[in-house]
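Undergrad: Chain by chain, the residues run as shown.
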Amino acid sequence: MTQPQSVGVVVAQSARFTEPLTLRSGDLLPEYELVYETYGELNAARSNAVLVCHALSGSHHVAGHYADEAGNVGWWDNLVGPGKPIDTRRFFVIGVNNLGGCYGTSGPGSLNPATGKPWGADFPFVTVEDWVAAQARLADRLGIERFAAVIGGSLGGMQALSWTLQYPERVAHALLIASAPKLTAQNIAFNEVARQAILSDPEFHGGHYYEQGVVPARGLKLARMLGHITYLSDDAMADKFGRTLRHGKAVYSYDVEFEIESYLRYQGDKFAGYFDANTYLLTTKALDYFDPAFEHGGLLAPALARATANFLVVSFTTDWRFSPARSREIVYALLHNRRNVSYAEIDSDAGHDSFLLDDAHYHALLAGYFDRIEV
Amino acid sequence: MSYRHDYEVITQWIAPGEKVLDLGCGDGGLLKHLGEVRGVQGYGVENDADKLLACIRNGINVIQMDMEKGLAGFEDGFFDHVIMSLSLQAMHNTQGILSEMLRVGHEAVVSFPNFGYWRHRQSILNGRMPVSESLPHQWFNTPNVRFFTIADFDALCDMNGIIVRERLAFDDGRLILDEPNFLASVAVYRLGRPA
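Chains as they are written, first to last, in the working numbering: chain A, 1 to 375; chain B, 1 to 195.
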């Protein structure tokens with residue numbers, strides 16, 4: 001058996017769509033561009049395609065690195081590559097940046113064809129369902145009628161679930177990792193605080209900050225700091241930072257004293273340096289709105305009756321943002337519909353972030369599942 | 001994959017196309033067998049990480065949960081049969097799980113090692129805890145936490161109003177009709193809900 005390897009140097013591609021997309025909100029996106037990457041080869045039967053859906057801050061850059069940026073490694077590189085759980089010697093893997101994104105796909109920072117200026121706050125609200133609809137058009141473009149698997153973590157898992165409801169015949173297997181059938185009120189609350197941090201930043205300018213040559217970096221930083229707290233478990237934070245003081249004692253200042261403060265500020269600043277605030281707003285709203293059971297009186301079982309895929313649902317014991325109980329709701333609703341479903345609750349101390357880490361058991365499960373997928 | 005002779009007995013009691021839940025399903029061997037010969041729609045429950053992985057590798061539907069906490073989430077009467085093959089002795093909440101099995105299944109199938117088997121009694125008389133084919137572990141590393149006999153289990157069913165629809169007892173794969181509590185090492189029960 002060969003050692004797992006990187007897919008190596010990758011190149012982002014772009015697809016332009018000129019047929020308007022009617023969004024769930026009722027708005028129309030007249031034209032748009034999707035940025036994506038692919039790894040491995042599509043087989044002759046076009047039956048080995050795997051779609052990887054990204055979460056809040058992710059992108060189409062799932063694996064490998066860029067020729068001129070060796071350090072810019074894909075966000076799920078530990079999972080995708082030759083000899084890795086999603087083995088690119090067998091599967092043709094696609095990562096796509098979702099609508100409203102800030103990595104090249106049409107979003108608030110791109111030009112509104114009607115005005116010639118950046119969309120800013122005028123970019124329409126996009127939902128998980130809209131993302132999936134756009135991904136389906138990309139699949140059409142690439143000649144993929146049916147995915148061997150659609151996989152995603154967190155918000156990405158919601159997209160994978162939505163695929164099985166919007167296009168049941170186009171998904172053979174769906175892998176929902178650290179996900180939920182809808183956000184809880186507590187989860188929406190965290191998103192709302194994050195949004196208020198951005199919306200109340202004086203440099204937000206109602207979302208039209210591009211023309212002003214500024215970015216609401218302080219708001220975005222706060223949003224990210226809050227997010228990071230919820231992605232870690234109490235134990236992980238205690239282990240990693242504890243109450244360690246930078247100066248070894250209290251110095252009675254608002255500068256960094258505790259190491260956790262340093263970590264959060266660093267993560268917040270880093271994120272505010274590359275991510276777009278409008279994208280953050282749109283994406284958190286997409287998270288909030290996702291609720292396939294809503295049209296079924298809040299009942300998940302009838303909502304999932306359309307799905308025909310086989311499912312693997314995975315959660316992590318210390319994930320309190322997308323807790324195991326939320327994954328179990330999906331499992332029992334699928335069971336009610338007599339779907340093939342397996343569920344694993346991975347023992348992990350890393351909280352919600354666990355889905356991005358390369359825990360041996362977690363990856364063995366995914367590898368075991370993918371190995372059985374027929375292409 | 002694992003294969004045990006109690007699988008044959010259990011298989012006889014399963015009709016084609018049933019919905020089956022196997023508690024403590026191990027590597028999924030029984031469900032695989034039932035899928036092949038009975039075309040059942042099978043789900044396993046397992047809480048051991050390695051066994052869960054084995055099920056995934058064997059293509060068996062498996063749900064990770066701690067059965068000691070019951071089967072909350074599974075709907076009443078959803079399954080035709082709920083099976084627990086050679087695992088009941090490893091559970092603390094014996095009565096709780098039996099009641100849950102008969103809640104989510106129309107019938108329950110339970111197999112367990114008979115602690116009253118004569119070789120086990122002989123071992124105790126000789127002053128040592130039994131180690132045998134049906135009780136393969138030493139006292140210090142056994143996963144078993146409940147040690148009971150066929151007679152004990154009959155009494156428990158009687159006490160809880162659980163209907164014993166069928167009971168087969170075996171020694172080394174041979175059916176034992178006389179004195180099963182003494183001569184059989186393993187028993188397999190088909191149970192119905194209290195009237």
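Keep in mind that a hint or two might mislead.
Label-pair distances were calculated between CB atoms; the ranges are [stated by the list, open to error]: (1) K270(A) / W139(B): 52 to 58 angstroms; (2) A195(B) / R338(A): 36 to 42 angstroms; (3) W139(B) / F241(A): 42 to 48 angstroms.
Everything labelled a hint here was simulated from the structure, so no lab data went into it.
Beta carbons are placed, not taken as given, at the ideal position from N, Cα and C, and that holds for glycine.
Undergrad: Taking the hints in turn, state whether each one holds.
TA: Okay, the hints, checked on the actual structure:
no., hint, verdict
1, K270(A) / W139(B): 52 to 58 angstroms, "57 angstroms, holds"
2, A195(B) / R338(A): 36 to 42 angstroms, "29 angstroms, violated"
3, W139(B) / F241(A): 42 to 48 angstroms, "45 angstroms, holds"
The structure fails hint 2 only (numbered hints given earlier).
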